[in-house]
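2 protein chains.
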Amino acid sequence: MEFDLQGYLKVRRTMVEDALNTLLPVESERPQKLNEAIRYSVLAPGKRLRPTLVIAAAEALGKAAEMVMPVACALECIHVFSLIHDDLPCMDNDDYRRGRLTNHKVYGEAMALLAGDALLALAFELVAANPCSVPLDCVVRTIHIIARASGTRGMVGGQVVDMESQGREVSEETLFYIHEHKTGALILGSVEAGAVMAGASQPELEALRVYGRQIGLAFQIADDILDVVGDEARIGKPVGSDQERDKATYPRLFGLEKSREMAHFHVQQALSALGPFGQGADPLRAIASYIVERDL
Amino acid sequence: MEFDLQGYLKVRRTMVEDALNTLLPVESERPQKLNEAIRYSVLAPGKRLRPTLVIAAAEALGKAAEMVMPVACALECIHVFSLIHDDLPCMDNDDYRRGRLTNHKVYGEAMALLAGDALLALAFELVAANPCSVPLDCVVRTIHIIARASGTRGMVGGQVVDMESQGREVSEETLFYIHEHKTGALILGSVEAGAVMAGASQPELEALRVYGRQIGLAFQIADDILDVVGDEARIGKPVGSDQERDKATYPRLFGLEKSREMAHFHVQQALSALGPFGQGADPLRAIASYIVERDL
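Chains A and B are the protein sequences, given in the same order. Using the numbering used here, you'd call the opening residue of the first sequence number 1 and step up by one each time. Using the numbering used here, you'd call the opening residue of the second sequence number 1 and step up by one each time.
Accuracy of the hints is not assured; some may be wrong.
[As the list claims (entries may be wrong)] SDA-like mimics (lysine to any residue), calculated; alpha carbons at most 25 Å apart, straight line:
(1) B:K105 / A:E180
(2) A:K105 / B:K10
(3) A:K105 / B:R260
(4) B:K33 / A:P25
(5) A:K33 / B:G167
(6) B:K33 / A:S171
(7) A:K47 / A:P25
(8) B:K33 / A:E293
(9) A:K33 / B:Q279
(10) B:K105 / A:S165
(11) B:K33 / A:E164
(12) A:K33 / B:R245
(13) B:K105 / A:P25
(14) B:K47 / B:P203
(15) A:K33 / B:K10
(16) A:K247 / B:A110
(17) B:K105 / A:E109
(18) A:K105 / B:M91
(19) B:K105 / A:G108
(20) A:K105 / B:G167
(21) A:K33 / B:M91
(22) B:K247 / A:S165
(23) B:K105 / A:E164
(24) B:K10 / B:K247
(25) B:K33 / A:F265
(26) A:K47 / A:S201
(27) B:K247 / A:E36
(28) B:K247 / A:E109
(29) B:K33 / A:Q166
(30) B:K33 / A:E36
FYI, nobody ran anything at the bench for these hints, they're computed from the structure.
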């Protein structure tokens, strides 16, 4: 019987959104506007890919979603923090995100800046609170993984090089750096965090790292392709916005056909890494395949 | 014999700056500009009050500075992250900080935004790396303390209410909220973090919390007073800049004389809380007294 990915994603998404709703600061408490701004962006409809990866990695190791829920929420907080800051006028200056006005368009630049800052801090607060009493060495390693994946050697580093590359010819190596860091680092970090919280053995962790790295690359290539061929309603932003900004993308450097091949290649690598895992890893397998099945 | 505070501060400041120099990402590594921007602001001359408080709290409990050095550096990273974002055009729009051009004036707004973001992530990476093998429950509790002190219920929350209050009459309660959160939370968090890393007992931790809270309040009142009566070279920003921005301050609400009394009152409370501690707490005592001796 085939694995029902859509059903799986829906259940996990609802679990994550319920948990976020509970864990986020409430609008009735001071500072109200900030809490409102935070909730506005985090609770906007989203795929919840990163938290779902945290959960799916833990499930592949036989652990329940509940055990990693605070870490799953933390990864979503970090993702949304990056979106809010990315949309600011001094960055991409976007008016819409996930089909709604961007945070700064509703709450102003200063509030959006601070909402993003607060979300990054909240992520670490959620993990360190450790309500499920996961062994402390797992918690500390997870915090280290998440922090590193977010900073200069992770997501923020990728954003900087992406920004510096706009309007310039970039080498293959630079494009790879951008993709591996800007999107890849947090996707890999999600898989690693779920695995470490679930008490992965060293070989299990290494296999899941290969998986995380490969789907991160596939995901970003797929995103680049969708920016060229996708449909606006599905991707939630105007088609061609990367081209307009003269951003470094795979289709631009390699053409569409070769880019599609590369995305499939990375997904195959990801699936191979899951070889030793049993049925528990079916969600991870289905997620990997889904990345390149999204109308590329 | 009187405690030589200036000598103490100088030695600790040098230790912290040496450690920061080692722990910060280097300019020779990608992303170079980001790493340069980070080092520019963090290594600018500063008092290093927060890291010194981390160290002094640990020393009051008989532990060596080295044991808490990564946490001390983390607190400085968080402080500098807040300064960089605070100076941005959408916030205070300041051109100078610590006598040098602000980060965004040198590196541009986008880079300054990302340098701040990266510093917040780095803070947690430094603590979680735990190179001194401090017991893991202390590390996790410290991360929780620092994260909470930085976010909606801490520093960022205070910044938001401060921003919302500009140009308005504020109540005593709101002014207190702003001061307790905007500056107080991270000063208290520094003392708590140092104490927890040093393995403080519950009564020790509670006493040091009172100390941290009281000096946080005293410090912010003193800062407000210096903005009115201080000398520009010493405070590193133009005298009267709070008034100009119509910011909520103690002198504005209570007048100068009453504000001075309140600052002294909080320092006395801080000193009383240190009653049970021996000579090891002399640095904490001297720091508290110094806060209200800065030409108020």
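For each hint, the structure was consulted:
no.: 1; hint: B:K105 / A:E180; result: violated, 30 Å
no.: 2; hint: A:K105 / B:K10; result: violated, 46 Å
no.: 3; hint: A:K105 / B:R260; result: violated, 42 Å
no.: 4; hint: B:K33 / A:P25; result: violated, 35 Å
no.: 5; hint: A:K33 / B:G167; result: holds, 17 Å
no.: 6; hint: B:K33 / A:S171; result: holds, 18 Å
no.: 7; hint: A:K47 / A:P25; result: holds, 22 Å
no.: 8; hint: B:K33 / A:E293; result: violated, 37 Å
no.: 9; hint: A:K33 / B:Q279; result: violated, 46 Å
no.: 10; hint: B:K105 / A:S165; result: holds, 21 Å
no.: 11; hint: B:K33 / A:E164; result: holds, 9 Å
no.: 12; hint: A:K33 / B:R245; result: holds, 21 Å
no.: 13; hint: B:K105 / A:P25; result: violated, 34 Å
no.: 14; hint: B:K47 / B:P203; result: violated, 29 Å
no.: 15; hint: A:K33 / B:K10; result: violated, 41 Å
no.: 16; hint: A:K247 / B:A110; result: holds, 16 Å
no.: 17; hint: B:K105 / A:E109; result: holds, 18 Å
no.: 18; hint: A:K105 / B:M91; result: holds, 16 Å
no.: 19; hint: B:K105 / A:G108; result: holds, 21 Å
no.: 20; hint: A:K105 / B:G167; result: holds, 22 Å
no.: 21; hint: A:K33 / B:M91; result: holds, 16 Å
no.: 22; hint: B:K247 / A:S165; result: violated, 40 Å
no.: 23; hint: B:K105 / A:E164; result: holds, 17 Å
no.: 24; hint: B:K10 / B:K247; result: violated, 32 Å
no.: 25; hint: B:K33 / A:F265; result: violated, 33 Å
no.: 26; hint: A:K47 / A:S201; result: violated, 29 Å
no.: 27; hint: B:K247 / A:E36; result: holds, 23 Å
no.: 28; hint: B:K247 / A:E109; result: holds, 19 Å
no.: 29; hint: B:K33 / A:Q166; result: holds, 15 Å
no.: 30; hint: B:K33 / A:E36; result: violated, 34 Å
The structure fails to meet hints 1, 2, 3, 4, 8, 9, 13, 14, 15, 22, 24, 25, 26, 30 from the earlier list, while all remaining hints are met.
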